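Asks: If you read the sequence shown in the numbering used here, its first letter stands for residue 11, the second for the next number, and so on.
Think of the hints as simulated: they come from the structure by calculation, not from any bench.
Quick caveat: nothing in here was measured; it's all calculated off a predicted structure.
Ideal Cβ placement from N, Cα and C applies to all residues, glycine included.
Heads up, a few of these hints could be off.
[To be verified] The calculated DSBU-like cross-link candidates involving lysine-lysine, where the alpha carbons are at most 35 angstroms apart (straight line), are:
id: 1; residue 1: Lys173; residue 2: Lys364
id: 2; residue 1: Lys324; residue 2: Lys364
id: 3; residue 1: Lys314; residue 2: Lys281
id: 4; residue 1: Lys91; residue 2: Lys222
id: 5; residue 1: Lys223; residue 2: Lys170
id: 6; residue 1: Lys194; residue 2: Lys282
id: 7; residue 1: Lys321; residue 2: Lys91
id: 8; residue 1: Lys44; residue 2: Lys194
id: 9; residue 1: Lys281; residue 2: Lys222
id: 10; residue 1: Lys314; residue 2: Lys173
id: 11; residue 1: Lys329; residue 2: Lys91
id: 12; residue 1: Lys131; residue 2: Lys164
id: 13; residue 1: Lys363; residue 2: Lys95
id: 14; residue 1: Lys44; residue 2: Lys91
id: 15; residue 1: Lys100; residue 2: Lys131
id: 16; residue 1: Lys131; residue 2: Lys173
id: 17; residue 1: Lys395; residue 2: Lys230
id: 18; residue 1: Lys324; residue 2: Lys223
id: 19; residue 1: Lys230; residue 2: Lys100
id: 20; residue 1: Lys363; residue 2: Lys281
id: 21; residue 1: Lys91; residue 2: Lys230
id: 22; residue 1: Lys230; residue 2: Lys281
[Stated by the list, open to error] So the derived label-pair ranges between C-beta atoms look like this:
id: 23; residue 1: Ala389; residue 2: Ile86; range: 15 to 25 angstroms
id: 24; residue 1: Val153; residue 2: Lys106; range: 57 to 67 angstroms
id: 25; residue 1: Glu78; residue 2: Asp374; range: 23 to 33 angstroms
id: 26; residue 1: Asn34; residue 2: Ile303; range: 36 to 46 angstroms
id: 27; residue 1: Lys222; residue 2: Arg415; range: 38 to 48 angstroms
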Amino acid sequence: MRKNLTGRPIIMISLDAISDTDVNYLLTLPNFRKLASYGLLHRGVESLFISNTYPVHTSISTGVLPSEHGLFDNVIFDPVKNSEKWRAHKKLIKVKTLPERAYEKGLVSCAMMYPCTPGEKIRYHLAEVPGTESMFFRGIKFVHYSSTFRLCPKFFRYMKKCKSFNYFGIDTFIAFTARDLIAKEKADFYMLHLQDTDHQKHHSGIDSEDVKKSIEYDDKLLGIILEGIFEAERNAGGDPEKGISHFDILLFSDHACFNIHTNILPNDLLKKADIGPEAAWFQTVNGACFLHISPTISIEDEAKLDTFLEKFSKMEGVKRRLTEEEMHDSGAIDAGFTLGFTPVPGFTFGAMKKGQHGFTLDNDNYTIFYLEIGPGLIAPDQAGKETSGGSILEVGKKAIGLVERTGTPQGSAR
Numbered sequence: 011m012r013k014n015l016t017g018r019p020i021i022m023i024s025l026d027a028i029s030d031t032d033v034n035y036l037l038t039l040p041n042f043r044k045l046a047s048y049g050l051l052h053r054g055v056e057s058l059f060i061s062n063t064y065p066v067h068t069s070i071s072t073g074v075l076p077s078e079h080g081l082f083d084n085v086i087f088d089p090v091k092n093s094e095k096w097r098a099h100k101k102l103i104k105v106k107t108l109p110e111r112a113y114e115k116g117l118v119s120c121a122m123m124y125p126c127t128p129g130e131k132i133r134y135h136l137a138e139v140p141g142t143e144s145m146f147f148r149g150i151k152f153v154h155y156s157s158t159f160r161l162c163p164k165f166f167r168y169m170k171k172c173k174s175f176n177y178f179g180i181d182t183f184i185a186f187t188a189r190d191l192i193a194k195e196k197a198d199f200y201m202l203h204l205q206d207t208d209h210q211k212h213h214s215g216i217d218s219e220d221v222k223k224s225i226e227y228d229d230k231l232l233g234i235i236l237e238g239i240f241e242a243e244r245n246a247g248g249d250p251e252k253g254i255s256h257f258d259i260l261l262f263s264d265h266a267c268f269n270i271h272t273n274i275l276p277n278d279l280l281k282k283a284d285i286g287p288e289a290a291w292f293q294t295v296n297g298a299c300f301l302h303i304s305p306t307i308s309i310e311d312e313a314k315l316d317t318f319l320e321k322f323s324k325m326e327g328v329k330r331r332l333t334e335e336e337m338h339d340s341g342a343i344d345a346g347f348t349l350g351f352t353p354v355p356g357f358t359f360g361a362m363k364k365g366q367h368g369f370t371l372d373n374d375n376y377t378i379f380y381l382e383i384g385p386g387l388i389a390p391d392q393a394g395k396e397t398s399g400g401s402i403l404e405v406g407k408k409a410i411g412l413v414e415r416t417g418t419p420q421g422s423a424r
């Protein structure tokens, strides 16, 4: 049980790639509908640009734009090796994160597959270690960064329910483990990240039967987490039928997706134009691409590049050049990029997948949602209501406010 602390436990749950349109279906499912009845549901919420998992989740964890926290896109691209390295470690973030704030307040934290938490001081930690390395080396990093021994009994207990170590299995493990920790009040602050729907949208498109089943399973997992919340509510003298009074909860998404039919490979096009990576190269982020120009580019290559860019901006599938604001807020300028482009939805820059994200925020049907529950977030008369508009950055600022009001600075509860 928690000791020497005041305030309510804080639970953050990220449903990766759930769009505002998906919320229409979620509201027909029992557990999301129940949660919505407890809270204020924000519809038509804007994501952030670049609307990819790591920069958005890091903005939520820090309360600031990518231009300030420094995490530009999911990966670091090496144009010479034509390889990518995931921006997974906390050391790449330039500002204070929610887990840091929680630690400073003496809060016991739990983070499960939340992006960019490797390196954080978290008691119950299931670290996300993405990348293209072998499973052996990723496994070593996972054991190093996760609370392996503390969570080991849960692995054995829920192994059969997980069935495999794919996204479905990992999401299952997160839900059951979180249920147990929440019911017994083992932690004060939770960051849970469910990813299977994002995987299914990449694999089969946003309207597939697999995506529908994944959304239904998200609702089932929310029900499992709710079991723990209800048990803790009753133990604290509350009545879940009347509402949630013992927790503050933020349930949210990070980005929407578009169906994709065509991919454009800008670096291949540069190569065909006889422009090598020593002169210029693109980082592709699916819904956008960013051009790095070498400061030592030759006059000859510069002329070739000017001709290339004029043709590229007019080719089929290229929607427009990115604005100065988009370049700045995304962190692209600080990351060394000069300009960028965004494609028409249906096209993508980079790898071909049936569903992709990373697009600019001016596209129709590209908004998301968040739901806030609990006395630290909403007034009693707001429960069960909806509102529209706003930015997902609000979730980070609300979470920071909750953490800063909770706990005993440098307490002994960690």
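Asks: All the hints need checking, so say for each whether the structure fits it.
Replies: Each hint, compared with the structure:
Restraint check for Lys173 and Lys364: satisfied, since their Cα atoms lie roughly 26 angstroms apart, inside the 35 angstroms limit. At most 35 angstroms may separate the alpha-carbon atoms for a hinted pair to count; Lys324 and Lys364 meet this at roughly 24 angstroms. Distance hint between Lys314 and Lys281 is fulfilled; the C-alpha atoms sit about 11 angstroms from each other, no more than 35 angstroms. For the hint pairing Lys91 with Lys222, the CA-to-CA distance comes to about 38 angstroms; that exceeds 35 angstroms, so the pair is violated.
At roughly 20 angstroms between alpha-carbon atoms, Lys223 and Lys170 fall within 35 angstroms of each other, so this suggested pair holds. The straight-line distance between the Cα atoms of Lys194 and Lys282 is roughly 61 angstroms, outside the 35 angstroms bound, and the hint therefore fails. Between Lys321 and Lys91 the alpha-carbon distance is near 27 angstroms, which keeps this suggested pair within the 35 angstroms criterion. This hinted pair checks out: Lys44 and Lys194 have alpha carbons roughly 22 angstroms apart, not beyond 35 angstroms.
Proximity of Lys281 to Lys222 is assessed by CA-CA distance (about 40 angstroms); at most 35 angstroms being required, the pair is judged violated. With a C-alpha separation of about 54 angstroms, the suggested pairing of Lys314 with Lys173 is violated against the 35 angstroms cut-off. Of the supplied pair hints, the one linking Lys329 and Lys91 holds, its CA atoms being roughly 29 angstroms apart against a limit of 35 angstroms. As the CA atoms of Lys131 and Lys164 are separated by approximately 20 angstroms, the hinted pair is consistent with the 35 angstroms bound.
Annotation: proposed proximity of Lys363 to Lys95 holds, straight-line Cα distance about 19 angstroms (limit 35 angstroms). Restraint check for Lys44 and Lys91: not satisfied, since their Cα atoms lie roughly 50 angstroms apart, outside the 35 angstroms limit. Distance restraint check for Lys100 and Lys131: the Cα-Cα separation of roughly 10 angstroms lies within the 35 angstroms cut-off, and the hinted pair is therefore satisfied. For the proposed pair Lys131 and Lys173, the alpha carbon gap of about 30 angstroms is at most 35 angstroms, so the pair holds.
In summary, the hint linking Lys395 to Lys230 is supported, as the alpha carbons are separated by about 23 angstroms, within the 35 angstroms threshold. With a C-alpha separation of about 39 angstroms, the suggested pairing of Lys324 with Lys223 is violated against the 35 angstroms cut-off. The straight-line distance between the Cα atoms of Lys230 and Lys100 is roughly 31 angstroms, inside the 35 angstroms bound, and the hint therefore holds. Distance check on the hinted pair: Lys363 and Lys281 sit about 23 angstroms apart at the alpha-carbon level, within 35 angstroms; holds.
Proposed proximity of Lys91 and Lys230 is contradicted: the alpha carbons are some 43 angstroms apart, above 35 angstroms. A threshold of 35 angstroms between alpha carbons decides the hint, and for Lys230 with Lys281 the separation of about 48 angstroms lies outside it, so the pair is violated. A hinted range of 15 to 25 angstroms is violated for the C-beta pair Ala389 and Ile86, which are about 44 angstroms apart. Restraint check, Val153 to Lys106: a C-beta distance of roughly 27 angstroms breaks the suggested window 57 to 67 angstroms.
Taking 23 to 33 angstroms as the suggested C-beta distance range, the pair Glu78 and Asp374 conforms, at roughly 28 angstroms. Checked against the hint of 36 to 46 angstroms, the C-beta distance between Asn34 and Ile303 comes to roughly 44 angstroms, which is consistent with it. Lys222 and Arg415 have their C-beta atoms about 39 angstroms apart, which keeps the hinted 38 to 48 angstroms range intact.
Of the numbered hints stated above, those contradicted by the structure are hints 4, 6, 9, 10, 14, 18, 21, 22, 23 and 24, listed in ascending order.
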